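Chains as they are written, first to last, in the numbering used here: chain B, 142 to 405; chain U, 7 to 256.
Heads up, some of the hints might be wrong.
[Stated by the list, open to error] With the Cβ distance kept under 10 Å, some of the chain U side facing chain B (calculated, not the full set): (1) ASN84; (2) ARG115; (3) ASN116.
[To be verified] Within a straight-line C-alpha distance of at most 16 Å, the following computed EDC-like cross-link-like pairs (lysine to aspartate or glutamate) qualify: (4) B:LYS185 - U:GLU107; (5) U:LYS69 - U:ASP31; (6) U:LYS10 - U:GLU168; (7) U:LYS28 - U:ASP64; (8) U:LYS81 - B:GLU276; (9) U:LYS55 - B:GLU276; (10) U:LYS55 - B:ASP273; (11) U:LYS55 - U:GLU74; (12) U:LYS62 - B:GLU276; (13) U:LYS81 - B:GLU176; (14) U:LYS89 - B:GLU276; (15) U:LYS18 - U:ASP224; (16) U:LYS28 - U:ASP224; (17) U:LYS213 - U:GLU234; (18) U:LYS18 - U:ASP64; (19) U:LYS228 - U:ASP33; (20) B:LYS185 - U:GLU110; (21) U:LYS45 - U:ASP224; (22) U:LYS118 - B:GLU183; (23) U:LYS69 - U:GLU13; (24) U:LYS62 - B:ASP273; (25) B:LYS254 - B:GLU197.
[As the list claims (entries may be wrong)] Now the in silico label distances, taken between C-beta atoms and shown as ranges: (26) U:GLU148 - B:SER165: 30 to 40 Å; (27) B:VAL212 - U:PHE21: 51 to 61 Å; (28) B:ILE398 - U:LYS28: 48 to 58 Å; (29) U:ILE142 - B:SER232: 55 to 65 Å.
Everything labelled a hint here was simulated from the structure, so no lab data went into it. In this text, all values refer to a predicted model and were calculated from it rather than measured experimentally. Where is the CB? At the ideal position from N, CA and C, for every residue including glycine.
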Amino acid sequence: MAEEADRKPVLSKKIDKFFTGLASAWSFVRRFFKEVFLPPYELKEVFHQCYRIGVESLPLISLTGFIVGIVFTNQSRPSLSEFGATSWLPSLISIAVVRAMGPLVTALIAAGKMGSSIGAEIGSMKVTEQIDAMEVSATNPFKFLVVTRVLATTFMIPVLVMYTDFVALMGSFLSVNANENVSMTTFFVEVFESISFLDINSSVLKSLLFGFTIGIVGCYKGYNSSKGTEGVGRAANSAVVMAMFLIFIEELLVLQIVNAIRMM
Amino acid sequence: MEEKVVEIAGLKKSFGDLDVLKGVDLDLYKGENLVVLGKSGSGKSVLIKIMVGLLKQDEGSMKVLGQEVSKLGTKALNELRLKIGFSFQNSALYDSMTVRENMEFPLVRNVKNLTRGEITRKIEELLDSVGLPQSINQMPSELSGGQKKRIGVARTLILNPEIMLYDEPTAGLDPITCMDINNLINQVREQYNTSSIVITHDLTCAKVTGDRQAVLLDGQFKAIGSFEDVFAHAQDGRVKSFYDYNFIDS
Numbered sequence: 142m143a144e145e146a147d148r149k150p151v152l153s154k155k156i157d158k159f160f161t162g163l164a165s166a167w168s169f170v171r172r173f174f175k176e177v178f179l180p181p182y183e184l185k186e187v188f189h190q191c192y193r194i195g196v197e198s199l200p201l202i203s204l205t206g207f208i209v210g211i212v213f214t215n216q217s218r219p220s221l222s223e224f225g226a227t228s229w230l231p232s233l234i235s236i237a238v239v240r241a242m243g244p245l246v247t248a249l250i251a252a253g254k255m256g257s258s259i260g261a262e263i264g265s266m267k268v269t270e271q272i273d274a275m276e277v278s279a280t281n282p283f284k285f286l287v288v289t290r291v292l293a294t295t296f297m298i299p300v301l302v303m304y305t306d307f308v309a310l311m312g313s314f315l316s317v318n319a320n321e322n323v324s325m326t327t328f329f330v331e332v333f334e335s336i337s338f339l340d341i342n343s344s345v346l347k348s349l350l351f352g353f354t355i356g357i358v359g360c361y362k363g364y365n366s367s368k369g370t371e372g373v374g375r376a377a378n379s380a381v382v383m384a385m386f387l388i389f390i391e392e393l394l395v396l397q398i399v400n401a402i403r404m405m
Numbered sequence: 007m008e009e010k011v012v013e014i015a016g017l018k019k020s021f022g023d024l025d026v027l028k029g030v031d032l033d034l035y036k037g038e039n040l041v042v043l044g045k046s047g048s049g050k051s052v053l054i055k056i057m058v059g060l061l062k063q064d065e066g067s068m069k070v071l072g073q074e075v076s077k078l079g080t081k082a083l084n085e086l087r088l089k090i091g092f093s094f095q096n097s098a099l100y101d102s103m104t105v106r107e108n109m110e111f112p113l114v115r116n117v118k119n120l121t122r123g124e125i126t127r128k129i130e131e132l133l134d135s136v137g138l139p140q141s142i143n144q145m146p147s148e149l150s151g152g153q154k155k156r157i158g159v160a161r162t163l164i165l166n167p168e169i170m171l172y173d174e175p176t177a178g179l180d181p182i183t184c185m186d187i188n189n190l191i192n193q194v195r196e197q198y199n200t201s202s203i204v205i206t207h208d209l210t211c212a213k214v215t216g217d218r219q220a221v222l223l224d225g226q227f228k229a230i231g232s233f234e235d236v237f238a239h240a241q242d243g244r245v246k247s248f249y250d251y252n253f254i255d256s
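For reference, chain B alone in the conformation it holds in the complex:
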């Protein structure tokens, strides 16, 4: 009995914390949509963040995309060759890369790299009073730090996804060319024949959603980090975990919606 009585407040505290967190995250997202349309627009900072997110992620994304293309091709070949269908490799790879793997791999890498970096950067600015310093100098820190970063991730992730798709297909082509002796023209003709506008549109829209998620989660976690260096580390870590979790949920939801459209 006594144990039960002890447990109750803990549970209600956790439920309280969950719903308070949810409400605070919702008001953070609402504030973003309110501030994004109001001047000043801090375009210089948006471009600076786009450059950081785009250029700094390129090496890692290039390597990962290329390896994914080669590995996926090599793993698929034995199954297809059992049915004498290795000529379907370009189609299979293009559908897999454009529809799912390109956006997902890019978003997960960006969540790990950019999400943690945004969370840690804003978190450390918060604990060292740099955000307060901005506020007392009559600058809106939310606009300068949050809106710019979220816009940058939202617009740069689709660009990075297209680049990853291209690099992964190049990796796949190298493998197909080496094993099946298929020319680049033939490979890419088959690639583009297999994918539809719906595939490309859904991939871009999904990437916009992933980019927004990475930016807003990183900023939210950093902006609400508790005092001290431990809080900064926790903000960076939870930014990655939460962003990855949401990316998988979004992937699942978008897949259902796109499949429903395809059936129509």
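Given the structure of chain B, go ahead and fit chain U onto it with the hints provided.
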């Protein structure tokens, strides 16, 4: 009659169950350096954060330059903030920006139609006045604690504030650098005609920079007056012990 630039009356602030300020009354007069002394966690910083609208009081009034801070909208609050310089305890320099960019930041956002040359001239002039003209292209991580404090003060001065708020200006600094910072606080008052509130628990800083001292204990001011008045005739044992445990050499 001296002009009041800050008027605080019956100010109360709590964080959860913790009552930090329990009905505080205080005035700051034009051209005055007022030192607020108190133990760590006594609510000194809370007081000046309410002054610039970073925190909101639960009860009472905080008037700055004749305006009730808690009743101001965002635009009016930002206009008021431009007249207040806030020097943070850890300087709060933007660590991804150079000293020049740090100083430019408030200027380019709040003063329109300045040419590149005018901005540079203003920055160089202020860096000169805090004795760090050579640091213009350095990153904050390349500066010492004392240099960061000076740059932090220079950054707040760039908007020509009427009131300066110093949060623990000498915390974590060696005695010689502390003296430099104390002199800088006095120099800023003379050169820029500011009224200042200095938050500290360093009695040397209080004695050197303050025209008046206010001792904040248990959420209320226990003594307000000149350094001698407050400490020589201290009635409250805790105010007296505050003096006894500090080494004064100035």
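Hint by hint, here is what the structure shows:
1. ASN84: Since chain B brings a Cβ to about 4 Å from U:ASN84, closer than 10 Å, the hint holds.
2. ARG115: With a minimum Cβ separation of about 5 Å from chain B (threshold 10 Å), the hint on U:ARG115 holds.
3. ASN116: Holds: closest Cβ of chain B sits about 6 Å from U:ASN116, inside 10 Å.
4. B:LYS185 - U:GLU107: holds (13 Å)
5. U:LYS69 - U:ASP31: Distance of about 11 Å is within 16 Å: holds.
6. U:LYS10 - U:GLU168: holds (12 Å)
7. U:LYS28 - U:ASP64: holds (10 Å)
8. U:LYS81 - B:GLU276: holds (12 Å)
9. U:LYS55 - B:GLU276: Cα-Cα ~11 Å, so holds.
10. U:LYS55 - B:ASP273: holds (9 Å)
11. U:LYS55 - U:GLU74: holds (14 Å)
12. U:LYS62 - B:GLU276: Holds - the C-alpha atoms of B:GLU276 and U:LYS62 are around 14 Å apart, at most 16 Å.
13. U:LYS81 - B:GLU176: It holds: about 14 Å lies between the C-alpha atoms, which stays within 16 Å.
14. U:LYS89 - B:GLU276: With Cα atoms ~13 Å apart, U:LYS89 and B:GLU276 stay inside 16 Å; holds.
15. U:LYS18 - U:ASP224: Distance ~12 Å between U:LYS18 and U:ASP224 Cα, so the pair holds.
16. U:LYS28 - U:ASP224: With a Cα-Cα distance of about 8 Å, the restraint between U:LYS28 and U:ASP224 holds, given a limit of 16 Å.
17. U:LYS213 - U:GLU234: holds (9 Å)
18. U:LYS18 - U:ASP64: holds (6 Å)
19. U:LYS228 - U:ASP33: Answer holds: U:LYS228 to U:ASP33 is near 15 Å, not above 16 Å.
20. B:LYS185 - U:GLU110: holds (14 Å)
21. U:LYS45 - U:ASP224: Holds - the C-alpha atoms of U:ASP224 and U:LYS45 are around 9 Å apart, at most 16 Å.
22. U:LYS118 - B:GLU183: holds (15 Å)
23. U:LYS69 - U:GLU13: OK: U:LYS69 and U:GLU13 at ~5 Å, within 16 Å.
24. U:LYS62 - B:ASP273: holds (14 Å)
25. B:LYS254 - B:GLU197: Judged against 16 Å, a Cα distance of about 9 Å means the pair holds.
26. U:GLU148 - B:SER165: 30 to 40 Å: holds (37 Å)
27. B:VAL212 - U:PHE21: 51 to 61 Å: Holds, since B:VAL212 and U:PHE21 (Cβ atoms, about 54 Å apart) stay within the stated range.
28. B:ILE398 - U:LYS28: 48 to 58 Å: holds (57 Å)
29. U:ILE142 - B:SER232: 55 to 65 Å: For U:ILE142 and B:SER232 the Cβ distance comes to about 60 Å; the hint holds.
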